[in-house]
Each structure stands twice: as structure tokens, then as C-alpha cells.
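Okay, here's what each chain looks like letter by letter:
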Amino acid sequence: MSIENPIDLRQDRRQWLKTSATVLGASLVPLPAVSAETLEGETAPAAGKAEARFFTPAQHTLVEELSETIIPADGHSGGAKAAKVADYIDQTLRKTTDDTQKSLWHEGLRLIDVMSQHYNGKTFVQASSEERIAVLTVLSDNVKLTDLPEVRFFVELKHLTVHAYYTSKIGIHDELEYQGNRILKEYVGCDDQGTSS
Amino acid sequence: MVERDADLTKTYDAVIIGSGAAGGMASHVLTTHGMKVLLLEAGKKLPIEQELRSMEWPYDNANRGELPPDRHSLSFNEYTIRRPPYGPGFEKSKHLHSYIGESDYVKNIVVDERENPYTGTNYAWVRARCLGGKTNIWGRLALRLSDYDFKAKDRDGYGENWPISYSDIAPYYDKVDLYLGITGVKENLPYLPDSIFQRPTKLNCAEVTLQQGIKKMGRVLTQYRAGVTSDGLKHNKYRSRCYGRGACGRKGGCDIHAAFDSPTGLIYPAMDTGNLTLRTNATVREITVDQDTGKATGVHFIDSQTMKDYNVRAKAVVVAASTLESARLLLLSKSHRYPNGLANSSGHVGHNFCEHIMGPGIAGRAKDLVGKPPTLDDGRPGGFYLTRFRNLTEKNPGFIRGYGFEGSSGSAMFPRGADTHGFGASFKEEVRRNQGAYIGMGAFGEVLSRYENYVDLDPVVKDKWGVPALRFHYKFGENEHNMAKDMKETAQEMFEAAGFEIMHVSDRVLTEGWSIHELGTVRMGNDAKTSVLNQFEQSHDVRNLFVVDGSAFVNASCQNPTWTIMSLCWRSCDYLVDEMKKGNL
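Taken in sequence, the protein lines are chains D and U. So for the first sequence, our numbering puts the first residue at 6; every next one is plus one. So for the second sequence, our numbering puts the first residue at 32; every next one is plus one.
Wrong hints could be hidden among the right ones.
[Said to hold, decoys possible] Straight-line alpha carbon distances no greater than 25 Å define the calculated DSS-like cross-link-like pairs of lysine-lysine that follow:
{"#": "1", "chain 1": "U", "residue 1": "K75", "chain 2": "U", "residue 2": "K125"}
{"#": "2", "chain 1": "U", "residue 1": "K138", "chain 2": "D", "residue 2": "K100"}
{"#": "3", "chain 1": "D", "residue 1": "K174", "chain 2": "U", "residue 2": "K403"}
{"#": "4", "chain 1": "U", "residue 1": "K339", "chain 2": "U", "residue 2": "K495"}
{"#": "5", "chain 1": "U", "residue 1": "K41", "chain 2": "U", "residue 2": "K426"}
{"#": "6", "chain 1": "D", "residue 1": "K190", "chain 2": "U", "residue 2": "K426"}
{"#": "7", "chain 1": "U", "residue 1": "K41", "chain 2": "U", "residue 2": "K217"}
{"#": "8", "chain 1": "U", "residue 1": "K516", "chain 2": "U", "residue 2": "K426"}
{"#": "9", "chain 1": "U", "residue 1": "K403", "chain 2": "D", "residue 2": "K190"}
{"#": "10", "chain 1": "U", "residue 1": "K184", "chain 2": "D", "residue 2": "K100"}
{"#": "11", "chain 1": "U", "residue 1": "K403", "chain 2": "D", "residue 2": "K100"}
{"#": "12", "chain 1": "U", "residue 1": "K246", "chain 2": "U", "residue 2": "K217"}
Rather than coming from a laboratory, the hints here were simulated on the basis of the structure.
Construct the complete structure from the given sequences, taking the supplied hints into account.
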């Protein structure tokens, strides 16, 4: 799969939406939406009780694997999992007042597993890293089809993952080795560069 | 610095309305001459260092530096499609801010749009109601104007000349340079005069490549001329010198005040003279007038928090509320004697509204820097300024006047390549390897001053304080759109000349107002029939009334206005003191 020869997402999705009901069985039952009870618990957490999370444990694992597929660990630095990107996304979704964004995440996570079943015959978390890449490549190659919820979800997933990763300690210090935000005796320019650190 | 409760029973020598660049400068100059001055600011005094937190790491911020989720800042599309005062679709946000309010560090500095509605044509109106106003978060580019601007009509026949020449204002530019501090490099350009510069910043490697690449085209790229003290100011105990800490690029201000802001640069020192009284939370709704003599007697203001009404008297009234708010206040100050609003016998108040068009720009990569070890590129107040080159010696067939580019290159705390296509190991590596190679710039061009671009009062809509809202009648014209196309073409030819790989180039124009350089609504001139103020920013109609902010500009030029606002204001306030001493006010 590539930009030159992308999968026809519109054609494919007809099939996987049609067949997924029988293939997936129980797993297609919509994931429980965040109930009003949970939301209230979030806005006024009981003393000593941990804040209610946006993702279920299973969803959290899925978001961890998705974000790690977007920004993986490599020989240079840790990836999205090490940078706790899923925790930051959970926090963002807990706090947002945007209900469209919340339902996009629920629907998107569901569709990712439907797609993974279609292309790989297993859920995204069960899939190998090559198989995971294959699923996200379909979406990445079709980012212009923003009328499709799974594409909108991919754009949102990448946006929040990238934002969370590059504002984390791992992203700023280990990955990019950012040199700034410190007191300098003298401004640095082209002549000095390479010796500044 | 001692803050006292404002005594509203006495008659001040002068009352100043607004505490931004202009109001701060008026406070400095008038109190230095021994005048007893009352300074009114509509907003509150913020614990500004706690707001700005210039060195906070994103991961130490609950929202990673972004706005808290109950707040929303308006986007380009929202400004373009939806009109203020922002009804359906925006209910979910408790607070609404202008586009500049998109970071956690400015959320309390910019106004809540809902409390401050406006109507009419689309306009991205950025307002900061707090002590110091927009100087708390300004972009710091501090440029002089020249006779190419002051006498532009002599060159192309359009509009009006200013009632001053460069030689009139040059000594005051010098005073502002020395009193507030400015960094830059001398270039000896007739159309962009040099300042008295402190220690300059340095260009990084891609910027040097661009500088060299355009030199053969006769174009000039120079270090960002920042209104920042890089050597420190012995006479000011409130401001530190610049330590190149960076974070100047993020939307926020400087919590050690190396970058000029009105409170630490001008107002606190003025309070130290013992001659300045500050009253915050004072929303001025009218300048009061003696109906017999026609002179201004003081102001009527509302306490912004308690909503109580107050009157205060002064021998002279100095309006410095910002270009649009100053025009609004004059229009609000209607009376039997001045039925069209104060100082408005010409009918020009609110008209000749102009600014800078922006949006067209370019981004690219210096290929020789890809994959190089990380460099420190943002430890400085700004990158570069690429100076005007259009309509200086030649005459462009598509448009009159000119534009310049602001830009920078290199690595930043948040990588510029975060929008790279794709994902996975190759995405991550590409972002890392490219981070120091990025270079980008955006243009700022002169919007012509036109009578038919104006603001007036909305007959129905009022703000939170019951004051009629401003209504916009303002659009870019053909000259601006032709200029925008040229900005894109020249940006491309210059990046090609520098050998950069071009990644994005656009002539898309941003919403009117985006530059936050609104000007001209209370313009100066020698003819009282076509202008509101004389060359000393004194009303032609009311001789103890002065308007000393950007509204006095006759044209916008293409240079950023703050340094000129303050230099003109200094000159006008010297004149005000002289006239008062002579008994002429």
C-alpha cells in the first residue's frame, strides 16, 4: 500500500461494514458510552477516589497501541507509550465540553477493530506491528476523505498523539534534544551552532 | 512604587484613557514634566508574572500550554463564516477569546468576546483589557517609519501626507530607543531608518543562507528589530536584560520584562515620580464637555466590576484607548454642542481605518541542515525581518505601497514538522531530522487608508457595561489583493534563490484585523476639514483634547506601528505640557 496505489477505502468499507456484524459477533455491540453518572463523578470526584477515566481498560490498551503505532519507540528514544500519551488523551477527553469529539473517539476505536478484523482477521491489539501499520496506512493514505468517521478519527488520533508526545519530557528532551529554554550569556547564531550544547 | 486609591474629587492636570503603549508613554512624559496625572485602565491589574510563566515546560502545565477546555479561541473559519457576537455553536465554551487567546498564558489578558461584542463586517479584533493592554503580549518588532511613509502621497499621489516629516519625529524615536531599549543591526536603509541599537541577536544558518541568496536581488534581510533590552537599562529597576531564554515564539509575554511592556517600562517608573495616580477597572464611556467653552472637562467612567458611575475632572484629556476604542469613545461623547461625537466636525472620526494585510507566506527546508545535530535556534526575541523592496525605486504595475516579511528558522520547543504526512518510524525520524532545517516567513503589507473603510456605533448592540458596540464597515480592496498575490510570488522567488526546498507557499489572506495593527481612525492632518487631529495629535475642534495612539496615523505604512505610536506620543505630550504652561489649553 502506498500513496501511488492506495486501497480504495470507500469500496472496502462497504464490505467490512456489511460483514463485520457476523464476523465480530459480540465485539460489535457498541462499546458502552460514557454514562451521565460517570461524567458527574468526574466533575465532582469523591474524596480519595481516583478520577473516573474516559477510556475503559480495554480501550486504554487500544489507545496505547494506536499511539505507539503513530510514534513508536526506536533506537533514538522512547515512543508514545513511554511518554504516556494515552493518559494525556484520556485527560483531554475527560475535560472537554465537546461531545462530538467524545463520540468520535468511541466510534473511532470501534471502527479500528472492525477494520483490523477485516484486514487482519483479529483485533488491533491482537495484531502484529506490521498488521497494525497496515490498518493505519489505509487511513493515512485516505486522509482527504474526511466525511468518513474512521478517517476523522485517524486525523484526531494523530493530532493528539503528536501534540502529547512532543510536549512530553521524552519528546522534548530525549527525542528532539531541544536546546532552548535556558539562560544564555550570549545569543547563539550560525557561527556558534554545533558548539552550543 | 506606591499605589494609592485614586482621589476622584480633585481636578487633575491630565487624565489619560488607556494604559497600553500610548497611555504608558503619555504617563511617562507628562509626569516627568511634573504634571499631576490620572491614568484610567478599563481592565484589571493582573499578577502578570504568574500569567506569563515564560520558562514553564509544557509537561508542567495541566493543559500542556493550551487553553483550558471550557475556553475557546476563534479560528480563521469561525471569523470568516460566523459573525460576532458568536451565538449558536459556541454555547459549550464558557469563555470565548480572539484567535490570539489560544494559549494558557494569555487567557486572562485578552478580553472575553461575549462581554465585548461588535457587529458588521468580519474582523478579527484582538483586545486586551488589563494594565498594559496588548504590550503584555506584543510581537516586539520595533520599526521606524521614514519619509517614504510620511510623504507617500508625494511619491504616488494616493491619500494624504502626514503633517510631519521624518526629521520631526527622529529625535523622539531616539528617545524611545534609549528609554526602552531595542535590539537590531544598522543597515543604513533610507526607507527603514536605523534605531540606536543595543546588542543584536544573531541569525542562524538557514537565515544567513536566505540573506545571502537575496542580496544579489538587491533585497535586505536583517536581524529582528525587537523592542527588547538586550543590554539592560540602568534607569529602570523593573526590567531585566534579555537572557535569550526563548519561549518568545509562543503566544505569551516576557516575565522578566526584557521585552518592553507598558507597566514596567513606563507606568511604574511614572508612579515613582509621585505624579501618577492609577485607577484600574475604569471603563470610560464618555468624555465630558463644557457646553459653553466647548472644552473637555474630564471623563465619565463605570467601575468595570461594581458597575458604579464616576466622574473625574481634568484640565486636559489624553485618549489612548487603542485605535478602535478611541474612535468609539469620541463617537460616544455626543452632546448638544458636538452632535456627531467629540472632535468630529470633519466627520472623519472612525474613517480612514487601515492596518496591515497578512496571510501570504512560505515554508521550506534548507536541505544542507537536514539530519544535523540539534541546534539552539529560538533563544532570542525574534528571527529576521526582510525589508520592503516594492515601489521604492520602481513602480509596480499591480499595486502601490509595499510590504515586508517576518520570519525565522530552525528548531523550536514544538517541532515545526509536526504536520508531516504519515505516521510511524519514518514520521518520527523525519520530524527529528528536519527540525533544524525549517525556515518560514509571512508578509505584512500596507492596507490603503480609505474614507469608506470605517467604524461607527451599532444602534442596538451594547457591551456588558451597556456601552454601544462598535460596528465595522471594513474590507480589503483590490490594491491589497494584488499585493497579496505578489507577496506569494516574491516569497517563492526568494526561497528559490536561496536554494531552499519549498514545502508550502500561499497567498491566502487572513481575516481583516489579523495583524492587530489597526490604525488611522482619528487621523492627523493640516486640514481640519479632512482630519481630526493636528500634527501634535491635538483635536482641531477641542484644544485640550489629545488622541495619542495608532488612531492618529495618516497611513499604515508596512512597518509595525508600536515604536511610532510611542515616539509620536512623546512629541505630542511635550507639546501638551508647553501649551498648558503657556495657558493655551
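Checklist line | Numbers of unmet hints, in rising order | finding: Structure breaks hints 5, 6, 7, 10 and 11.
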